[in-house]
Amino acid sequence: MAATNDKHANRVGLIERTLYTALPALALGLVVWKLALLELPLVAAWSWVPALGIDLLFRIDGLSALMLLMITGVGTAVFVYAGGYLAGHPGQRRLYVLLTLFMVAMIGSVTADNLIVLFLFWEATSVLSFLLVGFDHERSESRKSAQQALMVTGTGGLALLAGFILLGQAAGTFVISEIVDVLPTLARGPELTAALLLILVGAFTKSAQFPFHFWLPNAMAAPTPVSAYLHSATMVKLGVYLLARLDPGFGDWPLWEWLLKGAGSITAAWGMVLALRERDLKRILAWSTVATLGTLVTLVGLRGDGATIAVGALLLAHALYKAPLFFVAGNIDHGTGTRVIDRLGNLRHAMPWTAAAALLAGASMAGMPLSFGYIVKDVIMEAKGAGDVFAFAKAANTVFGAVAVAVAGVAAVRVFWLHPGVNESCDAHEGGAALIVPPLALAVTGITLGIFPFFAQDLIAGATGAMTPDASAVAFSLALDFGPALVSLLVTLAIGALIYVLWDPLHVRFENAARRVGRIGMAAQFERLLHWIPRTAAASTRMLQTGSLPAYMALAAGAVVVGMVGAFAVGWTELAWPSATGWPGAGVLGAAALIVFGAGAAVVQRDRLVLLLAAGLVGYGSGLLFLFTGAPDVAYTQFTVETVFVIVVASVLLALKRQGRAVGLAEPLWRPGAFAIAAGFGAVITALLLVATAGEFDAALTRFFAERSVPEAYGRNVVNVILVDFRALDTLGEITVVLLSLLAALPVVQALRKRTGGAGGAA
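Residue numbers (our numbering): 1 to 763.
What the hints contain is simulated information worked out from the structure, not anything from laboratory work.
A couple of the hints might just be wrong.
As the list claims (entries may be wrong) - Pairs of lysine to aspartate or glutamate, EDC-like flavour, derived with a Cα cap of 16 Å:
hint: 1; residue 1: K657; residue 2: D607
hint: 2; residue 1: K34; residue 2: D458
hint: 3; residue 1: K144; residue 2: E527
Stated by the list, open to error - Quick list of simulated restraints, FRET-style, between CB atoms:
hint: 4; residue 1: V588; residue 2: L529; range: 51 to 59 Å
hint: 5; residue 1: L529; residue 2: F568; range: 31 to 39 Å
hint: 6; residue 1: L746; residue 2: P90; range: 45 to 53 Å
Backbone N, C-alpha and C fix where the C-beta goes; we use that ideal spot for every residue, glycine too.
The whole structure should be built from the sequences, with the hints applied where relevant.
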């Protein structure tokens, strides 16, 4: 019976895996079919929030098509691989659901043609990445890595939203294709500069650029299918995609160009250097991914058609060799129980198919001839040779290429063909077809495109055209070149081979250096920031939440004064002030005099009852002011509320006085700080009223309500119509608050009645 149940469960699991895998496979087929039959760009639009100018706009051009093929192609391999990697795992269905949602979010991100729509999909990838990195949430390491990834990318997402809003306001539209066209014609003012910087922060955090690079290797706590999909082929390239998308508009800005080249070059060199200190195979591959992302950002910042060609080619090549290498790391972990390279060796005998996939993908990563990586390295070398690049960037490219060769050697040669130290992999075994086919398929595709690069010609050309302002001027051909590229390759191979041989001594030195400077690294600073956030919150709470009502009033009034003074200072030259001609009527002057007298009397009173009566004069004066300025309904309301309030509170104070419990005010009569805040508050409010009334009265709302009250709301009392019809939800909210207040006070009233009745009965 148990065997029958197991067979049934396996059959159901296989069917479920097949159905989930069919989703990216169908998406891949649809993308290929549409690209083969239809001309780009493809556009679709639906109205969404027209009042805010936000529509569901989607546009597929050459760059989107390249990203879609990677998302669906690598996604299909990942879904197949996940079925074997997590076979029998209780969370396999959860992983498939999250991967499916992530794929949809990525597709939306690279096809959205509206900044706000793009941001929504962008943030969806961050949230789903958090759930995927923390897939093994029982482990503290997974939870911590997921939180770090979400905090870094989520904070960058907030900056990105602010940048999108500023960019949309400056361009007069939120449609990305229109923004790119109009950006070169816009004045480079502070608003647009701020938008540029905020967008760069969002893109840099997503694509792990320096100084936000530290979160990506820590995200390797995720299962291997997640690492292969999110952190090598798709999500981390979303920032690069956004930069490439906006580059035709911002490309002429020196600030844009030099920030991209600077951050990208530092990230590329630093990422490869940090790879040398690692012993975990996945973390080694992760740091090399950081370096590749830095190279991509540098290429986006370079000017010239060759740079855009290199961006498209490297995007594709990296997906085709890095995803298989992550699969290889997963197979090694699955078959041996470890990813530490010191404990691995001679695995080609136990894992021949995985060794073959590693060898093919490693050859492409190292840029060996007859691989697509070789062609891409040639294109990158031409782009950096033609572009205006930092001398440091050229050195970074050399470091990147050499260490990439060494990393490829570690992943493809060392653990499979050599036997360093103690071999702890005696029980190693090959996985099933689901673990073998995906890395082999992607690695073979990379070799095939190296031998027949014309298969990728149109795809790269389409992406290049989307990233180039004058697409008609782009002409190139992907082909094998055994000239300067081969010479450069030989130099890189020689340096890379030397680094490979010296990997262990270099690791020791880098690890020792890392320990010395670890306390000033970005990861350490991030941890300190997390440590100080609750401390700062506690200190500010103790300082602000004093329990003193006067202190709260002073803080609120002081904040208003500071904010208003700042606003007046910024817009002083544009403010309109009223003329000195004309005096208000006697009623207004009398009301103002009563308010001033009541306020002055309240300030100098020590007895609470007299203070209340003096403050009541302020309320009655306000009512008179409303009455003589054309708001009799508000005046009558003010008179009623003020009378009731004074009577009720005065009754309480008199009762306390008869009982001998009345206490005068203990505060000193003269407090300079309170006087300064009160005087400042009165001054800024007076200035605000003067400025507000100086301009010509805009009667648009008056005409609107007067014209529509009868035909639309069937009422001639405009005030009632506004409250009950045009502001119905607002009025409903106010009524709800009053009702809830009554319900909240009802138990207190009932308790008082019971206590009074009980006392009377006892008496």
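Going through the hints against the structure:
no.	hint	result
1	K657 to D607	holds, 11 Å
2	K34 to D458	holds, 14 Å
3	K144 to E527	holds, 11 Å
4	V588 to L529: 51 to 59 Å	holds, 55 Å
5	L529 to F568: 31 to 39 Å	holds, 35 Å
6	L746 to P90: 45 to 53 Å	holds, 50 Å
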